[in-house]
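Student: Residue numbers (our numbering), protein chains in the order written: chain A, 1 to 402; chain B, 1 to 402.
Quick caveat, the hints were computed from the structure, so don't treat them as lab data. All C-beta atoms, glycine included, are put in the ideal place defined by N, C-alpha and C. Among these hints, one or two may not hold up.
Unchecked claim - DSSO-like mimics (lysine-lysine), calculated; alpha carbons at most 27 Å apart, straight line: (1) B:36 <-> B:324; (2) A:283 <-> B:324; (3) A:214 <-> B:36.
Stated by the list, open to error - Listed next, the stretches of chain A that the computed footprint assigns to chain B, with coverage defined by at least 3 CB atoms under 8 Å from CB atoms of chain B: (4) 67 to 73; (5) 165 to 174; (6) 217 to 226; (7) 232 to 243; (8) 288 to 298; (9) 350 to 361.
2 protein chains.
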Amino acid sequence: MDILIKNGTIITQNSKREITKADILIRENEIAEVKKSIKEKTEFKIDASDFIILPGLINMHTHVAMAILRGLGEDLLLQEWLNKKIWPAESKLTGKQIFDGTKIGTQEMLLSGVTSFNDMYIKELDQIAEATIKTGLRGFLSRGILDLISGRDSKSEWKEAIGFVEKWKKNKLITPVISCHSIYATSEEMLLKSKEYANKNKLKFHIHISETRKEIFDCLKKHRKRPVEYLDSLGLLDSNTILAHASWVTKREIRLVGKAKSTIVNCPISNLKLATGGICQIKEYWEEGANVTLGTDGPASNNSLNMFETMKLAALLQKHHYWKADAFSTQKILDAATLNAAKALGLNAGSIEKGKLADLVFLDARTPNLMPHYDLLSNLVYSAHPGNVKKVIVDGKIFLDA
Amino acid sequence: MDILIKNGTIITQNSKREITKADILIRENEIAEVKKSIKEKTEFKIDASDFIILPGLINMHTHVAMAILRGLGEDLLLQEWLNKKIWPAESKLTGKQIFDGTKIGTQEMLLSGVTSFNDMYIKELDQIAEATIKTGLRGFLSRGILDLISGRDSKSEWKEAIGFVEKWKKNKLITPVISCHSIYATSEEMLLKSKEYANKNKLKFHIHISETRKEIFDCLKKHRKRPVEYLDSLGLLDSNTILAHASWVTKREIRLVGKAKSTIVNCPISNLKLATGGICQIKEYWEEGANVTLGTDGPASNNSLNMFETMKLAALLQKHHYWKADAFSTQKILDAATLNAAKALGLNAGSIEKGKLADLVFLDARTPNLMPHYDLLSNLVYSAHPGNVKKVIVDGKIFLDA
């Protein structure tokens, strides 16, 4: 279906980062034109005079199916939470529950302006893919390989991860990703094999790294290297690698990530909630050339999938960490949640420009919490919430309305 | 108007902190009954089967009129932000703009489940009161006295503050409060006179304290005491005193606040945004007997008036600060935002019980981000956002609907 959107206030995220009052023409699933006064007969027309339009937000690290466990075992210490609550519950989760959890989580994301997400989970991947398609989001999905702790042989772990890739590699909304859970849950052999497979098949490689201090100490003991140094020594850092957390790192490790142009995913709320203690220094990662992006982490350790909250917190924690109110600009935050994320995933999105995929979010500009309009980026990063999202377009399809 | 609310899931905040499925009968502006199966003919009836009902949230520290300046001068260092942007803009604000700012801010609060707020501002207090009444919130309002920096004589400062009290002391929704801006902007003589007047007239006393390191160093130099010790030495700490921020303090100061049973208002987002560096140790304040409450601070240094966000961040920052995922429970957070705040203000609210004022908030329980329902307090503190608020009742009047 072709759609003409009239008179929106567009946060384009184009190369000049223009914010402009203009029209958008969507043909099928692509943005065909962005300019003033487009005259064109289309099947569908939206008067966007009262809306701020931005590129769909991209949640770069989550475990969406865990929405089914949201709120289970609150206010517990991390190990107790995992051992007594989450792991026993996860081991019993059925395919149906994983489908339902993914439905809840993807719907929550859609309602809050997220159009794509990068996910890692440990079982029932087909259910996650089916539920994502049902909601209508773009899912970058992976079976996280954890051969050291899964209790299964590494062959069957591998088969499941690769089987998922083969099955879904040609789907329009689903893009398979290769994930290794972490350096403590995945064997060195498997890390190397996974990255090799990813490179050969042009897939992204996703891993948790340097989330807790324990991981650092264990890695130093075992490899005489810090976790990011260890990944580097294995040749795992390049521009197709996505590092989740990376919040307990040295300046040398930040430089390694920057030099390799790898992507890091800052998950500020999860880090605070699990009391890991580390603050991901996205200011320094950015300065060193890393591709900085943002994620919510799973809904059981956040406990939301709210990217507005994550954008705000990511910015606030940089200010706090450096005792500098100008540590990290709103423009950088929005880049991290759109353009940088699209780049990390190899997705033709992240900005509102001719030729890009039609993934758009409409915020009600008249709502009190977005008034007045001195600085729309500031309003977006510091004042907006999911309740402001009134329409979402994913792949040219319209969801919600107001 | 009498209202019968049927089958709500009620987070009562009563002495047993019960969460129960029951009916609520409202007569005029009071809760007349909370129990199962109330049979009563009323003018208005609400089917609340799909709603979670909680006591109205109370924002304990803000400068609501500053909503008119939201987004002005983003990403600047604190002094530059104040000197170049906020102070020049504030000095030019007209009564009309302050009315409009208060309308925007109070509407934002109403839409996000806040039914009462404690405010301090420096001029046009009548406009703030009128706009608050127009929106329909309970405002605890004060003309913050800052005789050391206002450029006006202390007599006229005093006259304005007291004039406001006299004019509004009998209003149903407005309760005047006595505020001194801070120990660096208000003279010692005025601090003493203000607290004496507050005590004599049974008014609450509100002040900013220990927000920045500079304030601590200046106070140590001038008085050889830290800010809270200085207030204590003047006899200003008691259960009618409300301390905003108090985030750069020693354990001895925390004990002083606890012993006096004073109220502290944690404004976590503002502290991060202005990069003040301090984390208000509400865990320790609580343990020492202080009355812990929460505030957003002004919409120009947050930049929202979203108490859901503030509840979440307050909890997360305690976990982060102590590296303990169980540092501060969701129950304590909700108490801080309801019961403790009501106590601080002398307001007969903060829980859903017979005889309390009818200030209620309805959240849509079916929305994906509040599913599933393992732990409603966790959902409320960690997963909810203003978009989940579908109805609000203030003083027995219904606002919004869904």
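Student: Could you work out which of the previously given hints the structure breaks and list their numbers from low to high?
Tutor: Violated hints (numbers, rising): 1, 3, 5, 6, 7, 8 and 9; every other hint is consistent with the structure.
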